[in-house]
Amino acid sequence: MTISSATGIIHIDPDRRPIKTSNTTWRIRLTLVILAFLLIWQAAVAWFKLIPSNFLPAPTEVSVAFGELVVNPNFWSALAFSLGNMAVGLAMAIGVGVFVGIALGLSPALRITVAPFLWLLYSTPKVALAPIFILALGLGSASKIGLVFLLAVFPVLLNTMEGTLTVSPSLVNAARVYGASRFSVGWKIIAPATLPFSLVGIQRAVALGFTGEILGEFLGGAGGIGHMLEYAAYKFLMDEALAIVFVMVIVSNLSLGLISIVRRKLAPWDTDQKGM
Amino acid sequence: MTTETAQRRASTAPLISARGVTVKFDVARTGKQMIALSNIDLDVMEGECVTVLGPSGCGKTTFMNVVAGLVKPTSGSVFIDGDEVSGPGPDRAVVFQDYALLPWRTVFDNVRFGLEMQKKLSDGDWRDRVQNAIDMVGLSGFESSYPRELSGGMQQRVGLARAFVAEPRILLMDEPLGAVDALTREVMRDEIGKLIAQTGKTVLFITHSIEEAILLGDRIVVFKSKPGEIKEIITTGIEGMGSERNAQNDERFHELREHLWSVLANEAAAASK
Ligand SMILES: Nc1ncnc2c1ncn2[C@@H]1O[C@H](COP(=O)(O)OP(=O)(O)O)[C@@H](O)[C@H]1O
Ligand SMILES: [Mg+2]
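Chains as they are written, first to last, in my numbering: chain X, 2 to 277; chain B, 3 to 275.
Watch out, some of these pointers could steer you wrong.
No more than 25 Å apart at the CA atoms, straight line, and that leaves these computed lysine to any residue pairs for SDA-like [claimed, not checked]:
{"hint": "1", "chain 1": "B", "residue 1": "Lys228", "chain 2": "B", "residue 2": "Glu269"}
{"hint": "2", "chain 1": "X", "residue 1": "Lys189", "chain 2": "B", "residue 2": "Arg107"}
{"hint": "3", "chain 1": "B", "residue 1": "Lys122", "chain 2": "B", "residue 2": "Glu169"}
{"hint": "4", "chain 1": "B", "residue 1": "Lys74", "chain 2": "X", "residue 2": "Ser182"}
{"hint": "5", "chain 1": "B", "residue 1": "Lys122", "chain 2": "B", "residue 2": "Ser88"}
{"hint": "6", "chain 1": "X", "residue 1": "Lys189", "chain 2": "B", "residue 2": "Pro92"}
{"hint": "7", "chain 1": "X", "residue 1": "Lys189", "chain 2": "B", "residue 2": "Gly89"}
{"hint": "8", "chain 1": "B", "residue 1": "Lys121", "chain 2": "X", "residue 2": "Val186"}
{"hint": "9", "chain 1": "B", "residue 1": "Lys121", "chain 2": "X", "residue 2": "Ser171"}
{"hint": "10", "chain 1": "B", "residue 1": "Lys74", "chain 2": "B", "residue 2": "Ile232"}
{"hint": "11", "chain 1": "B", "residue 1": "Lys26", "chain 2": "X", "residue 2": "Val173"}
{"hint": "12", "chain 1": "X", "residue 1": "Lys189", "chain 2": "B", "residue 2": "Gln120"}
{"hint": "13", "chain 1": "X", "residue 1": "Lys127", "chain 2": "X", "residue 2": "Leu84"}
{"hint": "14", "chain 1": "B", "residue 1": "Lys122", "chain 2": "X", "residue 2": "Ile191"}
{"hint": "15", "chain 1": "B", "residue 1": "Lys121", "chain 2": "B", "residue 2": "Asp111"}
{"hint": "16", "chain 1": "B", "residue 1": "Lys121", "chain 2": "X", "residue 2": "Ser169"}
{"hint": "17", "chain 1": "B", "residue 1": "Lys26", "chain 2": "X", "residue 2": "Pro109"}
{"hint": "18", "chain 1": "B", "residue 1": "Lys233", "chain 2": "B", "residue 2": "Ala271"}
{"hint": "19", "chain 1": "B", "residue 1": "Lys26", "chain 2": "B", "residue 2": "Gly91"}
{"hint": "20", "chain 1": "B", "residue 1": "Lys74", "chain 2": "X", "residue 2": "Ser169"}
{"hint": "21", "chain 1": "B", "residue 1": "Lys203", "chain 2": "B", "residue 2": "Val189"}
{"hint": "22", "chain 1": "B", "residue 1": "Lys74", "chain 2": "B", "residue 2": "Lys228"}
{"hint": "23", "chain 1": "X", "residue 1": "Lys189", "chain 2": "B", "residue 2": "Asp100"}
{"hint": "24", "chain 1": "X", "residue 1": "Lys189", "chain 2": "B", "residue 2": "Pro105"}
{"hint": "25", "chain 1": "B", "residue 1": "Lys74", "chain 2": "X", "residue 2": "Ile191"}
{"hint": "26", "chain 1": "B", "residue 1": "Lys34", "chain 2": "X", "residue 2": "Pro109"}
{"hint": "27", "chain 1": "X", "residue 1": "Lys189", "chain 2": "B", "residue 2": "Glu151"}
{"hint": "28", "chain 1": "B", "residue 1": "Lys34", "chain 2": "X", "residue 2": "Pro170"}
{"hint": "29", "chain 1": "X", "residue 1": "Lys266", "chain 2": "B", "residue 2": "Pro149"}
{"hint": "30", "chain 1": "B", "residue 1": "Lys122", "chain 2": "X", "residue 2": "Ser182"}
Chain X residues, not near chain B, derived (Cβ > 10 Å throughout) [said to hold, decoys possible]:
{"hint": "31", "residue": "Thr61"}
{"hint": "32", "residue": "Leu166"}
{"hint": "33", "residue": "Thr212"}
{"hint": "34", "residue": "Ser256"}
I should point out that these hints are in silico values taken from the structure, not numbers from a laboratory. Just so it is clear, CB atoms sit at the ideal spot from N, CA and C, and this is done for glycine as well.
Build the full structure now, drawing on both the sequences and the hints.
Listed below in C-alpha cells is the structure:
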C-alpha cells in the first residue's frame, strides 16, 4: 500500500492476518463423527444386542426419555434450582475473585502475606471439603452455593492477579507521561489490561462451578438436576439418567459459549483465545 | 535549512538542563545499590536535537525517565526552562521503544490518549488535531485499526502521532526504532528527521545506532557504563537531517562514524573486562 504523508510518499505492507481454518469443514466433520458414534451405539445395543439395554439404553430410548423429561415440570424446577445456585455462587466468586485478585496484583505486601494461605487452600483437593460444606451449611441451597463459590473463585482470582501483575510498565508510564491520575491509570490502563485475563478465569470458573453444584447435589439435599440424576440411577432408569447427563452437556456448552461471546464483545482485541 | 538552524542556535538559555543527575537503584539480590547514572550534566537548547548513544545498560533509558519526570534522581536535578522537574508535564512527551500502545484502543483512540489524559477533549478542535497527527505520520486510513493489525513500524508511527498531538515543547524518544525491522528503520529515521526539522521540536533521541545518532543529532552525547556517565559530547556540524545529511556530507559522516565506532568498541572492551 502506498500512502502520501507530509513527509513524502511511503510504502507500507499491511500485516498478514492469521488465516482462519474453515469453520464449516470442521462442523461437518464433527457432525459426521457424532452421527457415526450414535449409529455404532444404536447398532451395538438395539440391533446386535451386544450390551443389555437396561445397562446402556440405545440412543433412541434416551431420546424418548429426553422428550419425557422436557415436558416434566419437576425437571424444570430442578434445573432452575441448579442454575440458580450456580448463578449466585458464580456471582460471588467473580466479585470476590476480581476484587481480591486486583488487590493482590497491586500490593506486593499483601501478596506476601496472603500467598501462603491462598496456596494452601488452592492445593487442597476442594472436592474433599464438600462433606464439610454439607455439614456446616445444611442440605439446602447454601451448601451448593458454597461449593460453587469455592471451586470457581480460584481461577477468577488467580487469573485476575496474573493480569494485574503483567500489565506492561511502559503502558503505565505512557499514561503517567500525559499526567494521568492514579484513578485514570487504574481505570484506563490496569482495568482493561486485566479484563481479558479475568474473563478467561471466569470461563474456567463456570465449568468448575457447575461441577461443584452437581457434586453438592450428589452429596445431600433433594433438589437440582444432579439429585435427579442420582435418583434416576438409583432407580436404575438408565435412559432417564443419560438424558439428564445430556442436559448437563447442553447446559455446560451453552454457558461456556455464552462466556465466549461475552469475551469477544468485551475484549475484542484479545485475539489470543488461550485455554478455556 | 541554514536559516532555520541559525535561528535554533540563536537562543542562549538551555531548555533542558541536567545538573549532577545521579540515580542509584537498590539491587534486591545483593542488598547493595548500583549506580545507574553518575553526575550527569547536560544542556539542550530550544530547537536542538541531541542524540544519546551508548551500549545497552549504560543508563540511557534511566536518564530519559528522569527528564520525563518518571524517575526521581537520587541526587541532582533536571530543569526545564529553569523550573525543576518534579514529575511528568505537558511540556514533554515520550516515544517508547516498545511503542506502549493500548491494545484495546484503535489507532485514533490511541492517538487521542494524551489529549484525553490532559483533559483537552473539551477543546472543540481535538478531532482535527488527532486526524492531522495521524495524517502527518502517514497513517490516514488506519484510524480504526487495532495495534495488533499493524506492523512494528506502523505501530511506532502511532506512538509518534500520540506524542506530536499533545504539542509538547520537548520530545523524548527512547530507541524509537530499536524494535523496527532494518529496512523500515531507515525509512522512518529519515521521516523522523524531517518531522523534527518541520516542527522545530527540542528532541532528546536515544539510540544505540551510530548512524541514527549522526544523521539526526545536532550534538551526540556518548554514554559509558559502570557507572553511567557522559564520555564525550560531539557537535556533528552538519546541516540537514536524515538522508539529506548523509548525501551532502559524506566526508564528515564517515569521519564521525569511524570515531564513534572506535569509542564504542573501546567502551565495549572495557565493559567486558
Ligand atoms: N527500576 C530499576 N530497578 C533496578 N535497576 C534498574 C531499574 N531500571 C534500570 N535499572 C538498571 O540500571 C541500568 C541502566 O538501565 P537503562 O537505563 O535501562 O539502560 P539503557 O537504556 O542504556 O539500556 C541497568 O543495569 C539496569 O539493570
Ligand atoms: Mg534503554
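Starting from the hint list further up, note which numbers the structure goes against and sort them upward. none
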